[in-house]
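2 protein chains.
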Amino acid sequence: MTTTNHQFRLAARPVGMPKREDWSYTEEPVREPGEGELLVKVLYLSLDPAMRGWMNEGKSYIPPVGIGEVMRAGAVGRVIASKHPGFAVGDHVSGSFGVQEYALSNGKGVTKVDTSFAALPVYLGTLGMPGMTAYFGLLDIGKPQPGNTVVVSGAAGAVGTVVGQIAKLKGCRVVGIAGGADKCRYIVDELGFDAAIDYKSEDVKKALRTHCPNGIDVYFDNVGGDILDAALTQLAMRARIIICGAISQYNNTTPVKGPSNYLALLVNRASMTGMVVFDYAARYGEAAREMAGWMAAGKLKSREDIVEGLQTFPDTLLKLFKGENTGKLVLKVANE
Amino acid sequence: MTTTNHQFRLAARPVGMPKREDWSYTEEPVREPGEGELLVKVLYLSLDPAMRGWMNEGKSYIPPVGIGEVMRAGAVGRVIASKHPGFAVGDHVSGSFGVQEYALSNGKGVTKVDTSFAALPVYLGTLGMPGMTAYFGLLDIGKPQPGNTVVVSGAAGAVGTVVGQIAKLKGCRVVGIAGGADKCRYIVDELGFDAAIDYKSEDVKKALRTHCPNGIDVYFDNVGGDILDAALTQLAMRARIIICGAISQYNNTTPVKGPSNYLALLVNRASMTGMVVFDYAARYGEAAREMAGWMAAGKLKSREDIVEGLQTFPDTLLKLFKGENTGKLVLKVANE
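Quick note, the sequences are listed as chains F and X, same order. Be aware that the first sequence starts at 1, since it is given in the numbering used here, and climbs by one per residue. Be aware that the second sequence starts at 1, since it is given in the numbering used here, and climbs by one per residue.
Accuracy of the hints is not assured; some may be wrong.
One copy or two, either will do: identical chains are not told apart, so a pair holds if it fits within one copy or between any two.
[What the hints assert, rightly or not] EDC-like mimics (lysine to aspartate or glutamate), calculated; alpha carbons at most 20 Å apart, straight line:
1. 41 <-> 27
2. 168 <-> 28
3. 168 <-> 336
4. 200 <-> 290
5. 170 <-> 290
6. 108 <-> 189
7. 257 <-> 226
8. 41 <-> 315
9. 301 <-> 336
10. 299 <-> 189
11. 170 <-> 336
12. 112 <-> 91
13. 299 <-> 194
14. 257 <-> 229
15. 319 <-> 21
16. 205 <-> 57
17. 143 <-> 290
18. 59 <-> 229
19. 332 <-> 114
20. 205 <-> 229
21. 200 <-> 21
22. 322 <-> 336
23. 206 <-> 37
Derived from the structure by calculation, the hints contain no laboratory data.
Using the sequences and the hints given, assemble the complete structure.
Written out as structure tokens, the structure is:
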């Protein structure tokens, strides 16, 4: 009996927002694992803003996805066949399995996950890349001190929700910037942020003056554009800005909007530092243990926004860029 | 006998390039120093790109010069009367004496300088604020390691010439960006830079690829604008950018051009940090001693571009923004 694998492959490099025609939906038979390989049934796919960058040509922190290749994506699934000594049938695993139903792997970059501790999708969010990004970006680069004011944009997203909660755990005042009243309510009422700014209905610059009277000590930026520029107007002395992403700019058809107010770095002796989570791979275990501890103690909440159906992938991905997700956007591909 | 003091006062906040009408030229009698005061005859004035910023309204690292106030300027001069225990008639001193012929001071921020070691104008350049800026910006923020590639813009200016020479002393490969063949020749042939890029006749991005094949480890930015953006395209991993100034943007009548390529910080895990030299005041002595040692050993050359006559101040200042000076621009106000 042959199993069929369905896949989304990159058909064209998008101009602006990715369109349905930028993808091809393909099928092919699933091959049995060879020696040293394992076969994973993909259950949940991670949809991340960074995916938009991987679709572009050119030098970045990771090679672009080639035209005709299965789209790169983090995922969790179950091992259904294995000739790899490290993995057995039935193991739940996390890895870069791609936008498809089945993935063959040599085990590199694949880690087992414990579904008795947390549901599978959590391993794509708070205990996955977004959680690691938040943890290392905030703590290693932001170096928040008790009493500091920490501002995070994309605050209701997979990274932002974790950044804000960790900052609270570290004794900071936390202000989140998010789009819409629901997200703002969520981060304040459910996650315990001190304040939220709704960039869709508020003047962000003015609101930052109100909510950060002593200036921003740490700004964790996921969005770029006008919001980064607004944050630059309210820096405290020696502020640290973490450049984690710039979702407002990823679908631009015009050049990226550079931060006009960057000379605020000079005025405030502040710094702006880029981060890529992969650099911290050797320390993921340490972070996961600490965050799992916070979760077990009820101090760190995880939320996933789960959409069903591999076929919805092209549209579901766009939810990220339209700001339609709260928490980690996950695509459910199959049941166990 | 009453001495008359001539002064340039800020008459209006300039829009774009400062015009003659933005200044008023005033005269008033010189008052005798009171108890605890000294009277300085100003001999040389320091003309600095930062002065343009001080003419603007709004929050910065230092309050703006008020309308009607004598324009702020660093200067060196000779004490001609003193009721201050720390200063005697005949002492040569450096301080923020302003664009005028005579300055009364309470001694705060005034330091004696040794004309037996270096000529007075050198204390406005290599042994003054520009030298301090270069020293602390490069060493404290840039943290150059032997073998690193260091790029500096405004390379033939007061700060840039010192940055490049110190970087060479620290075992770095040094590439300077300057305007015009003469300046480029000067920094390579006279100061020992490894290469120069003439931004007026070369494609800076392309030239940086040629001269920095392993990427830029430290970029010391004095100019902002397109040159900052070009440097961002050629960063090495974990590059450090020092934001010291942005002379290309100071006379803009449109918003500052933010660096469109700032996401290169993310790709390269790089940082961009602002600096203001005043923060290092407590360590000026340390830097001055080390730099004086280098000068005495012939390892650090100082060059001043001296224009005569207080009355020329409005035009002479513009030389900075037109890129007409090589080395430290100094206005000679009077003979001893």
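Verification of the hints:
| no. | hint | in the structure |
| --- | --- | --- |
| 1 | 41 <-> 27 | within (15 Å within a copy, 86 Å between copies) |
| 2 | 168 <-> 28 | neither (48 Å within a copy, 59 Å between copies) |
| 3 | 168 <-> 336 | neither (36 Å within a copy, 62 Å between copies) |
| 4 | 200 <-> 290 | neither (34 Å within a copy, 54 Å between copies) |
| 5 | 170 <-> 290 | within (13 Å within a copy, 41 Å between copies) |
| 6 | 108 <-> 189 | neither (40 Å within a copy, 53 Å between copies) |
| 7 | 257 <-> 226 | both (8 Å within a copy, 13 Å between copies) |
| 8 | 41 <-> 315 | neither (22 Å within a copy, 74 Å between copies) |
| 9 | 301 <-> 336 | neither (24 Å within a copy, 73 Å between copies) |
| 10 | 299 <-> 189 | within (14 Å within a copy, 63 Å between copies) |
| 11 | 170 <-> 336 | neither (38 Å within a copy, 60 Å between copies) |
| 12 | 112 <-> 91 | within (7 Å within a copy, 76 Å between copies) |
| 13 | 299 <-> 194 | within (15 Å within a copy, 55 Å between copies) |
| 14 | 257 <-> 229 | both (10 Å within a copy, 12 Å between copies) |
| 15 | 319 <-> 21 | within (17 Å within a copy, 55 Å between copies) |
| 16 | 205 <-> 57 | between (34 Å within a copy, 19 Å between copies) |
| 17 | 143 <-> 290 | within (17 Å within a copy, 33 Å between copies) |
| 18 | 59 <-> 229 | between (26 Å within a copy, 16 Å between copies) |
| 19 | 332 <-> 114 | within (18 Å within a copy, 76 Å between copies) |
| 20 | 205 <-> 229 | within (9 Å within a copy, 25 Å between copies) |
| 21 | 200 <-> 21 | neither (30 Å within a copy, 44 Å between copies) |
| 22 | 322 <-> 336 | neither (30 Å within a copy, 69 Å between copies) |
| 23 | 206 <-> 37 | neither (56 Å within a copy, 45 Å between copies) |
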